[in-house]
Amino acid sequence: MLILNSLLFATLTTVIALTLGIIAFIGMAPLSAKLRTAALILSATCLLMPSFLLAGSWWNLGMKMGLPIASLPYGAGVLALQLWPAITLVLLGFVRQLDPSLLEAATLMLPTARIWTSIILRLLVPGAGVAALLVFILALNNFVIPTTFQTRVYIADVYVMFSSLYDTRRALLQSIPLWIISLAAFTWLARISSRLETGRSNRQSANLSRPVVLPRDRTHIICLWITWMVFLFSLLPPLYHLLPQLASDDTWTTLRLALPQFAASLVYAGGGALLSTLTGLTLWCFLILKQQQGVRYRWTTAIQWVLATPFILSGFFLGILLVQLGQWAVALAWWQGTWLLGVVALAIRFTWIPFEMANVAQRRIHQDILDAARLCKLPLSLSFRYIHWPVMRPSLLAATWLVFLLALWDVETLLLVYPPGGEPASLKIFQFLHYGYDTQVAVLSLGLLAMGLLPGGILAFYLRISHKSIPLNTPTIHGI
Amino acid sequence: MIDLRQIHKNHGGTAALVDVSLTVRRGESVALLGHSGSGKTSLLRLVAGLDPPDSGLVHTEGKIGMVFQSLALWPHVTVRGQLELVLHGSRWNSETRKKRVAEVMQMFGIENWADRKPGALSGGQQQRVALARTFAPEPEILLLDEPLAHLDVNSRKELHPQLLSQIKERTVLIATHDEEDAKALAQRNVQMREGRLYTQP
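Chains as they are written, first to last, in our numbering: chain A, 51 to 530; chain B, 24 to 224.
Only chain A is shown next, with the shape it has when bound in the complex:
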């Protein structure tokens, strides 16, 4: 029964997020560069908004307005308000890879509405599928939001059971249904994606400068208005909840008291993000080496499956497994109670993200380009530096930031593995949220929000001082 509840919650969240995400995509995609950048910043801010803050603010708002807050649809709606930009951002990323001439030809021959329904949206099905799967898995494994809105879900029940009985075997057995569901969704998506045309251009060997221009009509205007409304719903309640805290003296005291938790969050999220990116990168170096021997796809698929498993399963089970591993293997016992365990747990959970983003970037390299390097026997160091790295670098930077954010908000993975005195801010917020300490939740969320924006700020500063723009500049070689 609880499994059904979990499935219903994840499915409803995905459907709402997918609908909002597609509407926002239709509204935003044909905008001028400046307006689109503004909309993208707003979307990224929605995604950055800590789910705790969103939950707290919508809880208060719902109470005041007499809405049915203790219900599954309400919780799903709130989580969807945080996750919809993931769909839009993925779709906007996919559309940039479309062949510009494909749309130019269609513009000459078809009415605008037909271009959208028959060509653009159809070509974007794989992209929407990937994004929807991501949202589904995040919603299925989330227990902060459903618990806040008093919806019983499977994963929360397993946690409560484990906390009271400490029965590892039972908890791991209980993970099997969630694993099967996620794996089935993953396999299904991989199958349909492989059958669909993506309309991607070989942008690697073609002229890179021509942008993809999308046509606009009345539907686009309507979607744009809906998008601004969604922005208001996603941003106003948490900001309304947050801003008064800035004026309060208690805020700064609370923030000061929470410094150890912020430091812990920085260690876990920063360490986890760096370790997962480095692992993803190392695996890719290995694959590039194998690729030169002509065995690319077999190895890529095998590694994809190994990395996807901990990602699609709740981090809570990974925590149980790692703790148990320390108890089974004496040699690994030393890491119990160290911060390293948390960093490693997050890296295991999220390495799939940098690896997969690098994989998508890699697929943009035309096979002939790789063959040309093979034929002139370019050593791995040079082919990596001049062919693979320039393509992977923007994706890996984005992946590192994404993992950093996910790790910053993470409760499930760290719940069982953080050492005494090493409690991260996200867990502290979760406890405050549970006991209704609203002000503290808002203040700590503000701190996490600032930390989440930090890497973006550093990147913007780096780009400003080096006069570079995204996609990051690519190396030129002289005098090798």
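Think of the hints as simulated: they come from the structure by calculation, not from any bench.
Quick caveat: nothing in here was measured; it's all calculated off a predicted structure.
Where hints are given, some of them may not hold.
[Stated by the list, open to error] Below, simulated DSS-like cross-link-like pairs (lysine-lysine); rule was C-alpha separation at most 30 Å, straight line:
(1) B:Lys206 <-> B:Lys191
(2) A:Lys340 <-> A:Lys427
(3) A:Lys340 <-> B:Lys86
(4) B:Lys180 <-> B:Lys191
(5) B:Lys191 <-> A:Lys427
(6) B:Lys121 <-> B:Lys140
(7) B:Lys140 <-> A:Lys84
(8) A:Lys427 <-> B:Lys140
(9) A:Lys114 <-> B:Lys191
(10) A:Lys340 <-> B:Lys140
(11) B:Lys121 <-> A:Lys427
(12) A:Lys427 <-> B:Lys86
[What the hints assert, rightly or not] So the derived list for chain B, only partly shown, Cβ under 8 Å to chain A, looks like this:
(13) Ala71
(14) Ile87
(15) Phe91
(16) Ser93
(17) Trp115
(18) Met130
(19) Pro160
(20) Val176
C-beta: ideal position from N, C-alpha, C; glycine also.
Dock chain B against chain A, hints included.
Leaving out everything else, chain B in the frame of chain A:
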């Protein structure tokens, strides 16, 4: 030299090459003539060692250079960088390599675009860079897949003598659908149809 014996190759259940046997002697240039999809590129990739045959023997003697139909220029590397990269593993010292880069750039008239990346070049300019990159390390065997396809008629005719002087005394296999190019560049033509080879009189 290039020696192919009873080569068979399938791509996803479709026969790309059927019982292909061909010998190209040292210093000889042979043109593979045929329509799109006749198996020319598959044959060149096999000779280059990029794809293995399903059955049959491929024997080559000497360093291989190839011009790809898609040109396959490395998008993030400047024109000069493309040439420097292919010479990186050569036996020449740094000074000789620099001289060779300058010489090849002049030979193909690309010295004015030396610091540009492929994305900033026209199709014809990219074609010249691809040719220069292939010739730079002085390969003994040349595989040219539609080597002049991106050029207009005048530029083609302009490049014919330059190419001829470069391929002289090299073992060359040219895949083309253009009989003019085949006549100008090759000593012998063979026809390809549906993966089979037909020797022309």
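Cross-check of the supplied hints:
1. B:Lys206 <-> B:Lys191: Holds. B:Lys206 to B:Lys191 sits at ~15 Å (cutoff 30 Å).
2. A:Lys340 <-> A:Lys427: Holds, because 14 Å separates the two Cα atoms, which is no more than 30 Å.
3. A:Lys340 <-> B:Lys86: Holds - the C-alpha atoms of B:Lys86 and A:Lys340 are around 23 Å apart, at most 30 Å.
4. B:Lys180 <-> B:Lys191: 17 Å, holds
5. B:Lys191 <-> A:Lys427: Holds - the C-alpha atoms of A:Lys427 and B:Lys191 are around 24 Å apart, at most 30 Å.
6. B:Lys121 <-> B:Lys140: Distance of about 19 Å is within 30 Å: holds.
7. B:Lys140 <-> A:Lys84: 27 Å, holds
8. A:Lys427 <-> B:Lys140: 21 Å, holds
9. A:Lys114 <-> B:Lys191: Answer violated: A:Lys114 to B:Lys191 is near 87 Å, above 30 Å.
10. A:Lys340 <-> B:Lys140: This hinted pair holds, its Cα atoms lying about 28 Å apart.
11. B:Lys121 <-> A:Lys427: 19 Å, holds
12. A:Lys427 <-> B:Lys86: Holds, at about 11 Å.
13. Ala71: 6 Å, holds
14. Ile87: 7 Å, holds
15. Phe91: Where the cut-off is 8 Å and the nearest Cβ of chain A is about 4 Å from B:Phe91, the hint holds.
16. Ser93: Holds. Min distance 5 Å.
17. Trp115: Where the cut-off is 8 Å and the nearest Cβ of chain A is about 12 Å from B:Trp115, the hint is violated.
18. Met130: With a minimum Cβ separation of about 18 Å from chain A (threshold 8 Å), the hint on B:Met130 is violated.
19. Pro160: Holds. Min distance 7 Å.
20. Val176: 23 Å, violated
Hint compliance for this structure: hints 9, 17, 18, 20 are broken, all remaining hints hold.
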